[in-house]
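> So the chains spell out like this:
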Amino acid sequence: MSQIEVKNLSYKYGVGTPFEVTALDNISFSVEKGEFIGLIGHTGSGKSTLLQCFNGLLKPEGELYIDGVNICEKNNAKGICFKVGLVFQYPEHQLFEDTVYKDIAFGPKNMGLSEGEIKDRVCEALKFSGLSEEILEKSPFELSGGQKRRVAVAGVIAMRPEILVLDEPAAGLDPIGRDSILANLREYHKKEGKTVILSSHNMDDIARNCEKVLVMNSARLEMFETISEVFKRSERLKEIGLDVPMLTSVFEELLKEGYPVNSGIYTVEQAVNEIIAAKDGGKNA
Amino acid sequence: MLKDITIGQFFPGDSLLHRLDPRMKIVLTVLYIVLLFVAKSIVSFAAVTVFSLILVFLSKISPKLILKSLKPLLFIIVFTTVLNIFYVKGTPIFEPIDILGWQFTITYEGLLTAVVMVLRITLLITTTSLLTYTTSPIALTDGIERLLSPLNAVKVPVHEFSMMMTIALRFIPTLIEETEKIMAAQKSRGSTFSEGGLIKRAKALIPILVPLFVSAFRRAEELATAMECRCYAGGKGRTRLKQYKLCARDYISLLTVIAVFAATIAINILLQGIVFAI
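Heads up: the sequence lines are chains W and F, in that order.
Reading the first sequence from the start, the letters are residues 1 to 285 in this note's numbering.
Reading the second sequence from the start, the letters are residues 1 to 278 in this note's numbering.
Don't take every hint at face value.
[Claimed, not checked] Under 7 Å between C-beta atoms, here's a sample of chain F residues computed to sit facing chain W: (1) I182; (2) A184; (3) S188; (4) S191; (5) P207.
[As the list claims (entries may be wrong)] Computed cross-link-like contacts, SDA-like style, restricted to lysine to any residue with a CA-CA straight-line distance of at most 25 Å: (6) F:K187 - W:H93; (7) F:K181 - W:G44; (8) F:K155 - F:G234.
Worth flagging that the hints you see were computed from the coordinates, not collected in a lab.
Ideal Cβ positions, reconstructed from N, Cα and C, are used throughout, including at glycine.
Starting from the given sequences, assemble the full structure and let the hints guide the process.
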């Protein structure tokens, strides 16, 4: 069985009031251990709702198996938040302790770990987030925006979740901050072999990091394919209010102009190869 | 959960009640509350009830929502009913019941008082929630500010108070949303809010309250800066975008309420000693 199995998952907000909205409509897919999955969709397409189902915060209808346990069933959701670490949008807004150390230790402490174990985990999470040990005794409120964000992410990583789920972790950060947070994620994924699910509005971030992409459109699952397959369908993506990475659109324009290149290009490497091939092809012709 | 709170909520619409001048609506609501306490006989209560039902109908707000606003008060309603039924002295309806040595008597007067009290509380909540259901918070505080403006003469900063009220009302839903978000985030880090004893539960609130306060202060600062950037400097010399003017429907509603008021007093006097409640 796959690590995550989603079967006919549905969720509605405000049931029984005039404001009832369907946020998830009969969604099914599965994720293998160690995959890096992207999640894209227009604002209000149900991304955040789906992410909150993974760690049992919301109780949807249908089935959601994490390692073979259906967490939609009663009493099965307990402790699932330690297995599936969820980083919310703007996670720095949840910091509350008087020192960075205590804040990162909040999750492990709730798991009931020993002091020594907690200390190890805090240091490890700190390293993953690219922070130095000097800030451990500082108050989280005197850090910069980017540092706060990293501390918050470290607070989730310190629980050593098998599956790490992030809701737009790079939103509102400067380019250096965004690149370094995503680089840390890539490393976490590579080194530990953990599953990562990343939601983002930035197609370039998705293209650079993920292997497969979930595309949500008005509460439904529109596509679930590898990156190049998804970005080949740029027409449809634009129809549902999304975009393709910058490189992909450049190559689409080149194709339209009549150059012999492929569509579905999304990394610089691919682009270089494609241009060299096109140039050679042009010479031969 | 927190989202279920309907008291103070505004439902946009275009009914007669929505279009009434907010100042008139506030005055009429106050009149109506007085009326509820003036009414003494069963007949006048029936009249007032019918009047309130007409108001609900006119507001085009679903009766379900109105019943929902009564839900938090269910306990008080039941409590007063029980108290009144058993404690008001008078002519007993049937023989005293003996339960574990306690004498329970239900009197005619007790039953009547209970019915009247329930009606009074229910109607009070229903109509006052109609005021907030049909008036946007901004119109409401605007109306209050205008009504209190004579106090400016004695140097009460009416505008500042009403601005504070507007801002407070405006931020209730925002803060509720924020609380839910923070709670979800802390739950994801394994904190529990519904387990353990009183002290443990109180301690579990710290991870919610600290971020909530921080964000409230941050919002307040941002708002203050934004207001200053738009040259806000208090109420002095400030003109209004929306000028309220009383029109025919406002006067007609005023006359109607006065008529109902007069009728209630008349019933009280005419039926004195025949059918009385209190």
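> Each hint needs a verdict: does it hold in this structure or not?
To see whether the hints hold, each was checked on the structure:
{"no.": "1", "hint": "I182", "result": "holds, 6 Å"}
{"no.": "2", "hint": "A184", "result": "holds, 5 Å"}
{"no.": "3", "hint": "S188", "result": "holds, 4 Å"}
{"no.": "4", "hint": "S191", "result": "holds, 6 Å"}
{"no.": "5", "hint": "P207", "result": "holds, 5 Å"}
{"no.": "6", "hint": "F:K187 - W:H93", "result": "holds, 14 Å"}
{"no.": "7", "hint": "F:K181 - W:G44", "result": "holds, 16 Å"}
{"no.": "8", "hint": "F:K155 - F:G234", "result": "holds, 14 Å"}
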